[in-house]
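The lines below spell out each chain.
Number of protein chains: 4
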Amino acid sequence: MIEYVRKTMKEIVMFIDKVIEKLNEEQVSLMLDVLENAYRQGSKILVMGAGRSGLVGRAFAMRLMHLGFNVYVLGETITPSIGERDVVVAISGSGRTQLIVTAAEAAKKVKATIIAITSYPDSPLGRLADIVVEIPGRTKLAPDIDYFARQILGIHEPLAPLGTLFEDTALVFLDGVVVELMHRLGKSEVDLRARHANIEL
Amino acid sequence: MIEYVRKTMKEIVMFIDKVIEKLNEEQVSLMLDVLENAYRQGSKILVMGAGRSGLVGRAFAMRLMHLGFNVYVLGETITPSIGERDVVVAISGSGRTQLIVTAAEAAKKVKATIIAITSYPDSPLGRLADIVVEIPGRTKLAPDIDYFARQILGIHEPLAPLGTLFEDTALVFLDGVVVELMHRLGKSEVDLRARHANIEL
Amino acid sequence: MIEYVRKTMKEIVMFIDKVIEKLNEEQVSLMLDVLENAYRQGSKILVMGAGRSGLVGRAFAMRLMHLGFNVYVLGETITPSIGERDVVVAISGSGRTQLIVTAAEAAKKVKATIIAITSYPDSPLGRLADIVVEIPGRTKLAPDIDYFARQILGIHEPLAPLGTLFEDTALVFLDGVVVELMHRLGKSEVDLRARHANIEL
Amino acid sequence: MIEYVRKTMKEIVMFIDKVIEKLNEEQVSLMLDVLENAYRQGSKILVMGAGRSGLVGRAFAMRLMHLGFNVYVLGETITPSIGERDVVVAISGSGRTQLIVTAAEAAKKVKATIIAITSYPDSPLGRLADIVVEIPGRTKLAPDIDYFARQILGIHEPLAPLGTLFEDTALVFLDGVVVELMHRLGKSEVDLRARHANIEL
Chain Y
1 MIEYVRKTMK EIVMFIDKVI EKLNEEQVSL MLDVLENAYR QGSKILVMGA GRSGLVGRAF
61 AMRLMHLGFN VYVLGETITP SIGERDVVVA ISGSGRTQLI VTAAEAAKKV KATIIAITSY
121 PDSPLGRLAD IVVEIPGRTK LAPDIDYFAR QILGIHEPLA PLGTLFEDTA LVFLDGVVVE
181 LMHRLGKSEV DLRARHANIE L
Chain X
1 MIEYVRKTMK EIVMFIDKVI EKLNEEQVSL MLDVLENAYR QGSKILVMGA GRSGLVGRAF
61 AMRLMHLGFN VYVLGETITP SIGERDVVVA ISGSGRTQLI VTAAEAAKKV KATIIAITSY
121 PDSPLGRLAD IVVEIPGRTK LAPDIDYFAR QILGIHEPLA PLGTLFEDTA LVFLDGVVVE
181 LMHRLGKSEV DLRARHANIE L
Chain L
1 MIEYVRKTMK EIVMFIDKVI EKLNEEQVSL MLDVLENAYR QGSKILVMGA GRSGLVGRAF
61 AMRLMHLGFN VYVLGETITP SIGERDVVVA ISGSGRTQLI VTAAEAAKKV KATIIAITSY
121 PDSPLGRLAD IVVEIPGRTK LAPDIDYFAR QILGIHEPLA PLGTLFEDTA LVFLDGVVVE
181 LMHRLGKSEV DLRARHANIE L
Chain F
1 MIEYVRKTMK EIVMFIDKVI EKLNEEQVSL MLDVLENAYR QGSKILVMGA GRSGLVGRAF
61 AMRLMHLGFN VYVLGETITP SIGERDVVVA ISGSGRTQLI VTAAEAAKKV KATIIAITSY
121 PDSPLGRLAD IVVEIPGRTK LAPDIDYFAR QILGIHEPLA PLGTLFEDTA LVFLDGVVVE
181 LMHRLGKSEV DLRARHANIE L
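Protein chains in written order, with full-length UniProt numbering: chain Y, 1 to 201; chain X, 1 to 201; chain L, 1 to 201; chain F, 1 to 201.
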């Protein structure tokens, strides 16, 4: 019996599929412009997120490195100081994860440009960000799901627990951003492979 | 212009959608039985993967922790020794990532049960595993995509670079495994939330 | 020419040597009692620190795992929720590292017992901790060195930059704590080796 | 009673103190020349070590970043490919840690220059390295301690368990290397502080 494996995968796939149509083109364009600009100017990108959102952020950061960005991850060894020319990408479904909000406030103080990936533009993280990209989901902190997510799922309670829908959608969205950046920056898969770690764990 | 964001997301979603039908029920059932058994016996689960596959593994490990498993991640601080009662979940699209194969061989020597999540059952990792769960994808090491993936994508070259299709599909698949385990172990979302880190980064 | 290698090593060694005499026996005894008690009750220990202090914390956490503690590190994958029976070990030379103070405040809210390892008992971290263990050093945030450190070094500016003296002293101190715990808990090196990761990176 | 805390700290301090005299000047000079050269040519440095040796490596890598090196850590998110112009610093007391030997072999294949920090020049890691810096210690894999360490400790069994003496000595040694590099590269503490993460965990 692997019924729930298939049903859950189907739910996640249908959720992401509907999000594709509902993406806010202006928000995503702004994000892409800031990232493209950071690449061309050699600015630093600092990616941050807690828990599984942090892992999604790392998966994105790894691809930005493959693309040739000066990208770093909050909490890793070689992350340097950032300043006003630099960009923070902060990922939090609820927009309320305490340490991410605190870190984003610190980034705000040094005048970095903050891009928030969140389901809640009106959250603490959303309000302090320069650019918000709304990715619907269900927060893990509140029992309810946001309005947008409910529209997508209909009346049913989702099978996927906690922040799963947000996290998986954010990963697929950010993988879409990577391909858009490849085209904007004229990078091919061969370029990415050349920078991909040849000794890795 | 965010055309490639949408197109890539659509490609990933369609890919995962087709994988749902093609999942090998026997392989997945075996994996679930081993995991359920490990939970009931209090055995350790050691999750390993390199690069983005390692991040997918961590996202899965975090949910296993929420479910109450004794789960650890290769390379993190508090990972203990494992032995013959324990289970390794090794994730590698190509099944050839050097350090993962070496680590899986070491696990084999101490007689742990090895579950491989890979696109290539006939790879070094696939061959040494006790259970192989095939997740199609495109390897990052070879320019070609595997036969199964080609069937799914048709004749088109995928937009998503390197291991993206494998990694995103593996994440969604493992999130399906989590929901199946919730049902088998009688766990609700409330149980998961109770173990979810309340101080997190 | 490796003159500065030797001189710096000598400086660090002399610094730690003087700290041994100046350790506050009451503070250290309290810390040991709390840790011993946590072990016997099966409470969780959550270790946290930023930058190199965080690495010192991880080195300590790894030994606590070898000793059989339920120990976790802030920011790693499988770190669960903590509560009032649990213990936080927070390491910060200055006692002002923003994210560590924020995390310790969150731990305070859930009523965990907080042990601070810091040069500044009167810092934000020191003030909110239940137990403070003073380890002298030189903070990386202020150009001056604390009074205690100055007494040890005399009038000379230290060679070792930023938080080096604090971090190295904290590591050696915590390794002393490990041996004290081995004796209190009746653990031999053989016991530690049995839990030491057999597949590690 | 904190008797063992003090005794162990004293043992570690005396051990490191004797190592200072016994440092092999030629080995250390070679290491410094390779690192200085890598800095001036903008080559990459890849630091690797398992367990507590890996944490010592990270503490060193963080300082190299503060100094302006292109430095990376095996297993972290943004670690790129390396090639023949690049340098690997591999840390392993026993010189036999499986995954580190495998990773060093992979680095050898791409013709990177390999610096091994180990107690055993004649170990698998020592033999494949281009430069070996001997740091005495006691391995965690064998019950005995190496000849050099025994000379230092005399006939007594050390209090500090497993690899502690090697790891703590390696940290202090590498902090000495950092100060030597500061002088060679004309860097002041102000330069280091400027690159030190301003948002950190």
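If you're looking for bench data, these hints aren't it; they were derived computationally from the structure. Remember, it's a predicted structure, so these values are computed and weren't measured experimentally. Incorrect hints may have been included.
Pairs count within a copy or across copies, as identical chains cannot be separated in the list.
[Unchecked claim] With a straight-line Cα cutoff of 27 angstroms, these simulated DSSO-like cross-link-like pairs (lysine-lysine) come out: (1) K44 with K18; (2) K7 with K18; (3) K18 with K111; (4) K7 with K187; (5) K109 with K18; (6) K22 with K44; (7) K187 with K10; (8) K22 with K109.
Evaluated hints:
1. Proximity of K44 and K18 under a CA criterion of 27 angstroms is satisfied in neither setting, with 33 angstroms inside one chain copy and 38 angstroms between copies.
2. Taking identical chains as interchangeable, the C-alpha atoms of K7 and K18 lie at most 27 angstroms apart whether they share a chain (17 angstroms) or sit on different chains (13 angstroms).
3. For a Cα distance limit of 27 angstroms, the shortest separation of K18 from K111 qualifies neither inside one copy, at 35 angstroms, nor across copies, at 43 angstroms.
4. Proximity of K7 and K187 under a CA criterion of 27 angstroms is satisfied inter-copy only: 17 angstroms between copies versus 37 angstroms inside one chain copy.
5. Neither within a single protomer nor between protomers do K109 and K18 lie at most 27 angstroms apart by alpha-carbon distance, with minima of 37 angstroms and 39 angstroms respectively.
6. For the identical chains of this complex, K22 and K44 are neighbours neither inside a copy (30 angstroms) nor across copies (42 angstroms), given an alpha-carbon limit of 27 angstroms.
7. For the identical chains of this complex, K187 and K10 are inter-copy neighbours only, at 21 angstroms across copies versus 33 angstroms inside a copy, given an alpha-carbon limit of 27 angstroms.
8. In this assembly of identical chains, K22 and K109 lie within 27 angstroms of each other by CA distance neither inside one copy nor across copies; the values are 32 angstroms within and 39 angstroms between.
Checked against the numbered hints listed earlier, the structure breaks hints 1, 3, 5, 6, 8; every other hint is satisfied.
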